[in-house]
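Here is what each chain is made of, one letter per residue.
There are 2 protein chains.
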Amino acid sequence: MVPFMKRAKVRLFVDQPLGQGQSVALSREQAHYLLGVMRLGVGDLVALFNGVDGEWQAEVAEAGKKRGILVCVERSASLRMPPDLWLLFAPIKKVRTDFIVEKAAEMGAARIFPVQTAFTNSERTRRDRLQAHAVEAAEQCGGTYVPEVADIARLDRVLAEWPADRHLMFCDEGLAGEGAGLPHVKGPWAILIGPEGGFSDDERARLVRMEQAHAVSLGPRILRADTAAVAALTVWQQALGDW
Amino acid sequence: MVPFMKRAKVRLFVDQPLGQGQSVALSREQAHYLLGVMRLGVGDLVALFNGVDGEWQAEVAEAGKKRGILVCVERSASLRMPPDLWLLFAPIKKVRTDFIVEKAAEMGAARIFPVQTAFTNSERTRRDRLQAHAVEAAEQCGGTYVPEVADIARLDRVLAEWPADRHLMFCDEGLAGEGAGLPHVKGPWAILIGPEGGFSDDERARLVRMEQAHAVSLGPRILRADTAAVAALTVWQQALGDW
Chain A
1 MVPFMKRAKV RLFVDQPLGQ GQSVALSREQ AHYLLGVMRL GVGDLVALFN
51 GVDGEWQAEV AEAGKKRGIL VCVERSASLR MPPDLWLLFA PIKKVRTDFI
101 VEKAAEMGAA RIFPVQTAFT NSERTRRDRL QAHAVEAAEQ CGGTYVPEVA
151 DIARLDRVLA EWPADRHLMF CDEGLAGEGA GLPHVKGPWA ILIGPEGGFS
201 DDERARLVRM EQAHAVSLGP RILRADTAAV AALTVWQQAL GDW
Chain B
1 MVPFMKRAKV RLFVDQPLGQ GQSVALSREQ AHYLLGVMRL GVGDLVALFN
51 GVDGEWQAEV AEAGKKRGIL VCVERSASLR MPPDLWLLFA PIKKVRTDFI
101 VEKAAEMGAA RIFPVQTAFT NSERTRRDRL QAHAVEAAEQ CGGTYVPEVA
151 DIARLDRVLA EWPADRHLMF CDEGLAGEGA GLPHVKGPWA ILIGPEGGFS
201 DDERARLVRM EQAHAVSLGP RILRADTAAV AALTVWQQAL GDW
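Residue numbers (the working numbering), protein chains in the order written: chain A, 1 to 243; chain B, 1 to 243.
Simulated from the structure, these hints should not be mistaken for lab results. Please note that a few of the clues may not be correct.
Heads up, the list lumps identical chains together, so a pair's fine if it works in one copy or across two of them.
Calculated pairs, DSBU-like style, for lysine-lysine (alpha carbon to alpha carbon, straight line, at most 35 Å) [unchecked claim]: (1) K66 - K186; (2) K93 - K65; (3) K94 - K65; (4) K66 - K94; (5) K93 - K9; (6) K66 - K9; (7) K186 - K65; (8) K94 - K9; (9) K93 - K186; (10) K186 - K94.
Start from the sequences and build out the full structure, keeping to the hints where you can.
As structure tokens, this is what we get:
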């Protein structure tokens, strides 16, 4: 068993199988990061996870200039899936969109879903960039799972095909201060954060008609979308999630 | 009465008295922003607040190149004080420190208090810069109050002189997943967010000894300090605050 004090300080997501004695070849970027930037050498430990096999302590077995090989020594955590919770949000300025993805991963959303609303300003999101942020957040927060970032889709179409069994908590700044609470029903859930400028009348009317939808207030002040995402995830996790 | 549709789209904090017919001279920066950047002219409305007199709709009465005068027309909101809640946190990287201040203002903290812990990396904070962020957040979120940003102080000294009647909720990543909850006691409160790298053994021992202190868990994942600040403020506001 690897003594606790010797355990890895660096966590890395790898898209490869992990298991006792399994060797893992690093990509060029990973080798550069671990062996160049973090200056790890043969015998040093790294914590690996792949979203499936839990977390493994792996030892550096080969350290070259542009390549490296790790070997899994011991499983240090089992896979911990987040609750079946999606976070839908309308992309905003780049930095804040990145923050929302990071926060969703830290707070334990299972799927991150950018949606284009009537009042969404920014229409372009790069799924690969956002997915990389989710990976980095999972590495940082000690998670063993990386939420999937979906391609952006139009909110009206997403709601038109909304799964019958998935509850939807939506946070509307029009509700500021009104006391709607979260119903304590189990099952698949999603949180929808309103765009800056709020929902359109059509969107709000459609949400109000949906049986699966529940309006929840996030207090008397108007929150920015990234603040609202963390606050809404906290409300949900406390009531129905894994906190 | 000012018709709702005509109401101001711009909100501005001013450090001057507000009241019926009161004229307010803009600073050079404010004149540049309102008259230059936002292109307001004589007769246009601006929402003003000063942290004391509520929110006032004010009309541009004079618009020069580097100066402008507004006249208060009607009070559009009364002063709404946040709960008596302080947020203590250890400054981190600049952008994230700015975010914590912004989020604290949006979430309704009354006082923002940077503290230097044993494991705080960054020792330099500029109070005036952070205070400006709190003002901007208050302008954005529709608040009529601006939380005060205190000068940074050493955590051990702050705790040594801690007010007997102020409860302290501290969030410790060492608690991840353990179920300590927030006691529902009213009165003055503060939230202390642990630094990246956690509290030192001395700090934790001192906190545990304090009668006013209550450890609260923020779930099984390790949250970055800015995420933890919003999550902790949400937990507190839901249980004891103005949500």
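(request) Up to 35 Å between alpha-carbons, please classify K93 paired with K9: within, between, both or neither. (result) Both: 33 Å inside a chain and 20 Å across chains, each within 35 Å.
(request) Have a look at K93 and K65 and pick one of within, between, both or neither, based on CA distance no larger than 35 Å. (result) Classified as between; 31 Å across copies, 38 Å inside a copy.
(request) Check K94 against K65 for me: Cα-Cα at most 35 Å, and say if that holds within a copy, between copies, both or neither. (result) For K94 and K65, both the intra-copy (34 Å) and inter-copy (33 Å) Cα distances are at most 35 Å.
(request) Could you place K66 and K94 in one of the four classes (within, between, both, neither) given a Cα distance threshold of 35 Å? (result) Cα proximity of K66 and K94: in one copy and across copies (32 Å, 33 Å).
(message) Within, between, both or neither: how does the pair K93, K186 come out at a Cα-Cα threshold of 35 Å?
(response) Result: close within a single copy only, 33 Å intra versus 38 Å inter.
(request) Could you place K66 and K9 in one of the four classes (within, between, both, neither) given a Cα distance threshold of 35 Å? (result) Cα proximity of K66 and K9: one copy only (21 Å, versus 55 Å across).
(request) Using 35 Å as the alpha carbon limit, work out where K186 and K65 are close: within a copy, between copies, both or neither. (result) neither (51 Å within a copy, 60 Å between copies)
(message) When Cα atoms must be at most 35 Å apart, do K186 and K94 count as within-copy, between-copy, both, or neither?
(response) within (34 Å within a copy, 40 Å between copies)
(request) Could you figure out if K66 and K186 sit no more than 35 Å apart (CA to CA) within one copy, between two copies, both or neither? (result) neither (48 Å within a copy, 59 Å between copies)
(request) Evaluate K94 and K9 at a C-alpha cut-off of 35 Å and name the case that applies: within, between, both or neither. (result) For K94 and K9, the Cα distance is within 35 Å both inside one copy (30 Å) and across copies (24 Å).
Hint compliance for this structure: hints 1, 7 are not met, and every other hint is.
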